[in-house]
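Engineer: Spelled out from the first residue to the last, the chains are:
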Amino acid sequence: MKPCDRWRESLAELALGAPADPELSEHLATCASCSAALAKMQSLTGEIDLGIRQLASAEPNADGATRILAEVASRVERTRWLPSGKIIAAAFAAAVFLAASLGVLWRLRAQRQETERVLSAAARISSWKSPTRELLHSPYEILLERPPRLGEYFYQLDSGGPLMKNSAPRAKEKQNP
Amino acid sequence: MQGGEYEIGWCTSLGDEAQSAGEFEQRVRACHRLVFHVAYAVLSDRADAEEVVQDAFFRAYRKLSGLREPHKFRAWVAQMGYRLALNRWRATTRARRRDTSWHEMSSGAQADVESIVAQREMQRRLREEIDRLPRKLRAVVILSAVQELDTRDIAGVLHIPEGTVRSRLHLARKALLRVFSDEAL
Chain A
1 MKPCDRWRES
11 LAELALGAPA
21 DPELSEHLAT
31 CASCSAALAK
41 MQSLTGEIDL
51 GIRQLASAEP
61 NADGATRILA
71 EVASRVERTR
81 WLPSGKIIAA
91 AFAAAVFLAA
101 SLGVLWRLRA
111 QRQETERVLS
121 AAARISSWKS
131 PTRELLHSPY
141 EILLERPPRL
151 GEYFYQLDSG
161 GPLMKNSAPR
171 AKEKQNP
Chain B
178 MQGGEYEIGW
188 CTSLGDEAQS
198 AGEFEQRVRA
208 CHRLVFHVAY
218 AVLSDRADAE
228 EVVQDAFFRA
238 YRKLSGLREP
248 HKFRAWVAQM
258 GYRLALNRWR
268 ATTRARRRDT
278 SWHEMSSGAQ
288 ADVESIVAQR
298 EMQRRLREEI
308 DRLPRKLRAV
318 VILSAVQELD
328 TRDIAGVLHI
338 PEGTVRSRLH
348 LARKALLRVF
358 SDEAL
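Chains as they are written, first to last, in the working numbering: chain A, 1 to 177; chain B, 178 to 362.
It is worth saying that the hints were derived from the structure and are not from the lab.
Mixed in with the good hints there might be a few duds.
To be verified - Cross-link-like lysine to aspartate or glutamate pairs, in silico, EDC-like; alpha carbons within 16 Å at most: (1) LYS40(A) - ASP308(B); (2) LYS313(B) - GLU339(B); (3) LYS40(A) - GLU9(A); (4) LYS351(B) - GLU298(B); (5) LYS2(A) - ASP359(B); (6) LYS40(A) - GLU339(B); (7) LYS351(B) - ASP49(A).
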């Protein structure tokens, strides 16, 4: 009962309700195998269509609508106080916005602190003085400012300390011989 | 549960204010068979189909305010039921595959013994072959099984042109015929 390979597709189309090709009709008149295959395919098509219709053959319960309405009412009552999807979405968006804002503020604050730290360091550097001047400060530095002239002493012993002022010893000698 | 329990205005307290409880009830009564048939065609299980119908109408109630064209409620709720049923079908198929994979291997050998009732066997095989079809073809075949849905309704549920529904249905039937005729011929 195997159909001719050439006509196999056309037989399937014919079994599914497509219009018959005149050439195929001529062939069917002479080929018993193809005729038998067509009959089988038509039978199978009927079974398939019937089977497809039976996919949804069951009927709901007689009180189906009442049950559905009761169930919907019950669920509505249970979920009455739950926030709706829109509210949840809005709350989530607000939380994300808040977190992003806090992040930006924190970043700006950190940047400002960093700037202040750099500026203060720069200010400290600009007002820094070398410690040399302080270290070299001594009571005798006046000697370095003006070296004694000829006939002057570096020290004046009667003043009880280092020479604060250069004096003229020769003039004193003249007054107190 | 008595009908009066849900007739006392709960419908207007939530959801679309424009829709009254009476209107929603009318719509449920008008469309619940259709949604059940759609769900049953997908699931082949009465209890699962009834749960899907309840889910579908609950969602429809919650989203009623989002329905821009109220006259399309029937196609809209049918589409919702179809999607929910499909999700459940996927979940149960996965679970069944996981739980009974060893059983299916042994039950294949017993197919001849179980073929006493030819019609049931044919129906079972057909169901398997429909499940193996590509998703787009399977959807059209399943929805075409529902008597309340014509080609235009199916096109509305699947958001495709009517011509596409017809061509996909033809391709699906041809694919099924090929499977069965290869065995028979």
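Engineer: Compare the structure with each hint and give your call.
Structural biologist: Status of each hint after checking the structure:
no.: 1; hint: LYS40(A) - ASP308(B); result: violated, 24 Å
no.: 2; hint: LYS313(B) - GLU339(B); result: holds, 14 Å
no.: 3; hint: LYS40(A) - GLU9(A); result: holds, 14 Å
no.: 4; hint: LYS351(B) - GLU298(B); result: violated, 20 Å
no.: 5; hint: LYS2(A) - ASP359(B); result: holds, 10 Å
no.: 6; hint: LYS40(A) - GLU339(B); result: violated, 30 Å
no.: 7; hint: LYS351(B) - ASP49(A); result: holds, 11 Å
Hint compliance for this structure: hints 1, 4 and 6 are not met, and every other hint is.
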